[in-house]
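> For reference, the chains in residue letters:
Protein chains: 2
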Amino acid sequence: MTDWKTHLEQHKDAYLEELIEFLQIPSVSTLAAHREDVRRAAKWTANRLRRAGIEDVQIMETGGHPLVYAERIESADKPTILFYGHFDVQPAEPLELWTHPPFEPHVEDGRIYARAASDMKGNVLLPITACEAILQTTGALPVNVKFLIEGEEEIGSPSLGRFVAAHKDLLDCDLTVSADGGIGSKEDPKIGIGNRGLAGIEVRVQTANIDMHSGGGGFVPNALHGLISILNSLRDEEGRILVEGFYDDVEPVREQERALVSELAAGYERTAEAAGIRASFGEPEYSPTERALVRPTLELNGVWGGFQGDGIKTVIPHEAFAKITCRLVPNQDPAVIREQVKAHIRRVTPEYASVTFTDLPGEAFAYRLPSDDKSVDALQRVLLETTGKQAGFGMSGGTVPVMGLLQRALGVQTVTVGASGEDERAHAPNEFLRLENFYRLQEIYCLYLTELAAVL
Amino acid sequence: MTDWKTHLEQHKDAYLEELIEFLQIPSVSTLAAHREDVRRAAKWTANRLRRAGIEDVQIMETGGHPLVYAERIESADKPTILFYGHFDVQPAEPLELWTHPPFEPHVEDGRIYARAASDMKGNVLLPITACEAILQTTGALPVNVKFLIEGEEEIGSPSLGRFVAAHKDLLDCDLTVSADGGIGSKEDPKIGIGNRGLAGIEVRVQTANIDMHSGGGGFVPNALHGLISILNSLRDEEGRILVEGFYDDVEPVREQERALVSELAAGYERTAEAAGIRASFGEPEYSPTERALVRPTLELNGVWGGFQGDGIKTVIPHEAFAKITCRLVPNQDPAVIREQVKAHIRRVTPEYASVTFTDLPGEAFAYRLPSDDKSVDALQRVLLETTGKQAGFGMSGGTVPVMGLLQRALGVQTVTVGASGEDERAHAPNEFLRLENFYRLQEIYCLYLTELAAVL
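Top line first, the protein sequences correspond to chains H and G.
Residues 22 to 477, numbered by our numbering, are exactly what the first sequence covers, in order.
Residues 22 to 477, numbered by our numbering, are exactly what the second sequence covers, in order.
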């Protein structure tokens, strides 16, 4: 009987073929036209799990796109790991910027190019092929495993909270391992220990029931002026957020985090330079990187109203819109923040205007993985063994809704173990995955399951 | 020999046929695809002038769309009247809202429906048919006449200032009569004695060379936040304009104007109620109608940046835009105002942002026709004779660039004498003209020329 390492080695070509097949399904969750493709990706995932020896596999309805749940329980005295991932993908547009068609995977120079190569169909396969390799070479897994692979991550996981709340027993586990992300490179391994939450609303300001000629300006109120004064009131001149109660639940930044954040500053500065950013802006009490990682934000993602064409149209717009999202830090509740922002806006809305709100999807709590958690130690050991290096810690200013969600619903931590690199153009044209990491992470998954079996 | 009144009466059907033919030309000046149609309208106008007996007719190039100049000089001791009008039209879109095709004129219930019926192809014909009727029935005109009919009014008359400056001798006259507007109804005649000027810029705020993920918020500056803070700084909380120097040249509101403006308030209030406006907003020292007629404004006609689609896109926009126009009162110079607004914006632009400007077309000085001008008295007499009523005075918060322009370049006043009614959907679908006024104004033109010959 071969060992799992040899098994993985022998199946490299087969895994690549499978990945290509998986990537050919345009499972774009945000587009109604691809509804059946998302379901096809669910079926593909379910079939692949069954073939791996994870016998109990279900496609479960959520009200939105279906998700795949699977489990293999070895014995009650073994720890249980819940693997998280998603088989839905971002839209591929703008298509003309792709060198090869986004759903016709192209392998070149050790990379596979396709939509979702990096985010995250390659990663979905990691725990599946790892379990398969162990099962086929040893006949049993060192831990009980559960799989929660959803189809709505790219639209903000709108059904996941309800699903998890309704299936707490089913999902009960000792640790979640999310394949949605990366662990740095072989040269510079990194363990992610935190990300921010999210709350968003769209606001519509209305001042009349039709646009008016600007010759009436002075008499006719302008929805854009109303919106501008509302939006301007949300932050002070130095960028502090003025929404009442916004900072109430924010804990002071811990010294340990402050030190980690300052280590991460160089990466931000490189990105800023490449993007032609001339200065950062925000709470002066904090460094720019602290503001991006351990402090909450209130950002305008879109603002519009009136005439946007060439030249002039002397119109006074009767309505104007803004999309506002806040990135949140631990302890801030997205539902509370959303209501605080609405209350602020209602309070400052000028007499001549009315406002209405639409909640935006993607609501999420922030997440912190304690850096001394046993699961982190175990991953450190695996990374030291496979790279010869002590892994550093990483943080993200972005949001992975599932982590805060599972922590609150199931009381479990989530470790991210994936093959994605930060430069692999997730969400952008010519997305790719380094095949070296695709294969390397399969091995890391095998080693990690063994380590976890020992410490959990 | 018949008199001109009988002549007009006998040619009613012929004039309507001509108007229908003129309206069939889609001379949309803002659309490149209609460039030749605008020229066709110029030729049509030139031919019609020749047929009327205005022998010296030229189509003159301006760099943009051509204009039609024509004259008939009776004798050096007669006063000279310059008629102003335009043969270009607004776009007809949205086409689906028209009951009949916009360039296939439809006559029903004493109205003619078509794009430019009210604004202003019907009006272009008024001085032409009036001169023709007088010439064919008397053999001579009581005044010298010049015609300046342009093809760029609907795009802000961008070439007219240069043309007038280069042809001051040609255009030399004692009075301009603009056919671009109305004189109220038979029941409620009105003489327009003022309108506001215009200055506009588009501003672009840039904070990076690409949009960034909002997970970087706090580090990455947001062009929308920069734009919002800039725009908010332009006016105070009560609507006073904070641009340095903006009010410097504004003269105090005269008592006579204040009284006239208060008479016009009821019309504004009716419009506001129909439009669902709940409150007016602006300088508290002035009434809403004063703010709309005799005070300057700074309005946002369009603002945009970032994501405007459904749902959420957590992007930090790298650029954001605003279109700003100011309505001006007498003595304010649009070029000065434009530079003042730019200087203000440059001064308040945050360190993390850069701004660039595009001047918008349509720049114009405000205009006031002295209510005791001889030309006004003469028109009063004609309106009293034809309606049995003393005409009131009207003012507009809008802009007719040609008036301030001719006043400054030629030192002449402009009286507006046209058939348009305010409810005739100029610039909107199902535009129409009341034929009663089309015929009534031909007669008024004839009477007015005779009156002017006596007093100028």
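Simulated from the structure, these hints should not be mistaken for laboratory data.
Computed from a predicted structure; not experimentally measured.
Virtual Cβ for every residue (Gly too), placed ideally from N, Cα, C.
Just so you know, not all the hints are guaranteed correct.
Said to hold, decoys possible - With a Cα cut of at most 30 Å, we get these calculated DSBU-like pairs of lysine-lysine:
| id | chain 1 | residue 1 | chain 2 | residue 2 |
| --- | --- | --- | --- | --- |
| 1 | H | Lys334 | G | Lys99 |
| 2 | H | Lys334 | G | Lys363 |
| 3 | G | Lys99 | G | Lys189 |
What the hints assert, rightly or not - Calculated from the model, a selection of chain G residues having no Cβ within reach of chain H, i.e. all distances over 10 Å:
| id | residue |
| --- | --- |
| 4 | Arg93 |
| 5 | Val241 |
| 6 | Asn243 |
| 7 | Leu477 |
> Work down the list of hints and note, for each, if the structure agrees.
Going down the list of hints, with the structure as the test:
1. H/Lys334 - G/Lys99: violated (42 Å)
2. H/Lys334 - G/Lys363: Roughly 19 Å between the alpha carbons, so the hint for H/Lys334 and G/Lys363 holds.
3. G/Lys99 - G/Lys189: OK: G/Lys99 and G/Lys189 at ~19 Å, within 30 Å.
4. Arg93: holds (35 Å)
5. Val241: violated (7 Å)
6. Asn243: Check fails; 6 Å does not lie beyond 10 Å.
7. Leu477: Since the minimum Cβ distance to chain H is about 30 Å, G/Leu477 lies beyond 10 Å and the statement holds.
In the structure shown, a violation is registered for the earlier hints numbered 1, 5 and 6, in ascending order.
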